Amino acid sequence: MLTPFRRSASFVAAGTLLAAAALLAGRPALAHHSTAMFDMNKEVTLNGTIKDFQWTNPHTWIVFLVPNATGSYDEYGIEGMSPNYLVRNGWSKHTLKPGDKVALTIHPLKDGRKGGFDVSVKLPDGRLMYNLPHRGP
Amino acid sequence: MTTKASILALAGATFVAFGAAHAEGTAGKSWSSSPQGRTWASIAKLPNWQGIWEVDWQHQPAFLAGGARTRPVLLPAAQARLTAYMSKRKAGEDLQPQQANCLPPGMPQIMTQPYPIEFLFNPGLVVVVTEAFMQVRHIYTDGRPHPSDPDPAFQGNSIGHWEGDTLVVDTVGFDPHTLIQPGIPHSDQMHIIERIRKVDPDHIQIEQTIIDPKVLAKPWTVIHPYVRVNDVLREYICEQNNRDSADAEGRPGERVGP
Chain Z
1 MLTPFRRSAS
11 FVAAGTLLAA
21 AALLAGRPAL
31 AHHSTAMFDM
41 NKEVTLNGTI
51 KDFQWTNPHT
61 WIVFLVPNAT
71 GSYDEYGIEG
81 MSPNYLVRNG
91 WSKHTLKPGD
101 KVALTIHPLK
111 DGRKGGFDVS
121 VKLPDGRLMY
131 NLPHRGP
Chain E
1001 MTTKASILAL
1011 AGATFVAFGA
1021 AHAEGTAGKS
1031 WSSSPQGRTW
1041 ASIAKLPNWQ
1051 GIWEVDWQHQ
1061 PAFLAGGART
1071 RPVLLPAAQA
1081 RLTAYMSKRK
1091 AGEDLQPQQA
1101 NCLPPGMPQI
1111 MTQPYPIEFL
1121 FNPGLVVVVT
1131 EAFMQVRHIY
1141 TDGRPHPSDP
1151 DPAFQGNSIG
1161 HWEGDTLVVD
1171 TVGFDPHTLI
1181 QPGIPHSDQM
1191 HIIERIRKVD
1201 PDHIQIEQTI
1211 IDPKVLAKPW
1221 TVIHPYVRVN
1231 DVLREYICEQ
1241 NNRDSADAEG
1251 RPGERVGP
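Going down the list, the sequences are from chains Z and E.
All residue numbers for the first sequence refer to our numbering, where the first residue is 1 and numbers rise by one.
All residue numbers for the second sequence refer to our numbering, where the first residue is 1001 and numbers rise by one.
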């Protein structure tokens, strides 16, 4: 049985935050590319509307519309882990759908373009879905 | 027909008399009494590796932080190349591996991806299927030798035999794209020996020894622990929606828009 945050359970079993941190540091989360283009030390939360959720390999993509100062929308492209990875972390292809209003926390692109790497999504029903294994709220 | 049948019966009896070692063509080897999985009947005597397995990262020595992590000992030229690679990374070059362009990692790195694997037994053949990049390794256990001049391959060319409950895999002939580790290319003499064993119902260990006399000061052995997961292998088509292609210098080229 796959449960959300399955790996979080093993973090708790490991007993200490240190062990969890070592595990997170040691685990090669990405098979596909490095995170060099993202500012992994920075988190930004965007409030907006899902335009498209691409449940694809090697990465999922969230096309996200964020209201701007001109009364229009900025379109963001947010990269997430693969469906293979996310389904083992409690997600499904139905987790996000066009029109959903969510709060999306990202590591922004370093080059300033409107994009980044997904950290977590707060769903309309209040659930917080993490992109990578997380110790919990 | 009767004569033919009795010849076959006689041949069969002789076959049995010579024993398993003869039947599987392993006479004279130290492990000749081990079932080799060259027939379905022989496969039935092998350990059962059915299931889906993923690297047990909590116990993975090659990825542990700090002093617990094991590292290969490099010859001076390889060390200089790794140092140069690391400083290029600091300068913003060589940030992306070839996988950003959907080339698979190949051996040995394909065996330590953050996606599960599966073992399939056929007579004379063990197949390793890796979810990452949907790769397949063919390990021939039918007694054949390596080709005398194998074409370079991402997975290399693998032959194997069973020593009791341990599958010993010998792999040569690697494509130049494959790396021992990021920043550590291999030479044309890389040779990988794996000893794969199920240590309990839920754990498999792959002891991997990398030998490369032109790159490594000594063979580098790491035990990769795998744990059973209740799961299935999923599809992984890297070209489906790859927006992360890197340029020739390994600089990331993320495509944000449609």
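Hints may be right or wrong, so weigh each one.
[Said to hold, decoys possible] Straight-line alpha carbon distances no greater than 30 Å define the calculated DSS-like cross-link-like pairs of lysine-lysine that follow:
id, chain 1, residue 1, chain 2, residue 2
1, Z, K122, Z, K93
2, E, K1090, Z, K114
3, E, K1045, Z, K42
4, Z, K114, E, K1029
5, Z, K110, E, K1090
6, Z, K93, Z, K110
7, Z, K114, Z, K93
8, E, K1045, E, K1029
9, E, K1090, Z, K42
10, Z, K110, E, K1088
11, Z, K101, Z, K42
12, Z, K97, Z, K114
13, Z, K110, Z, K42
Hints in this document: simulated from the structure, not taken from any laboratory.
Computed from a predicted structure; not experimentally measured.
Can you give the numbers of the hints that this structure goes against, from lowest to highest?
3 and 4
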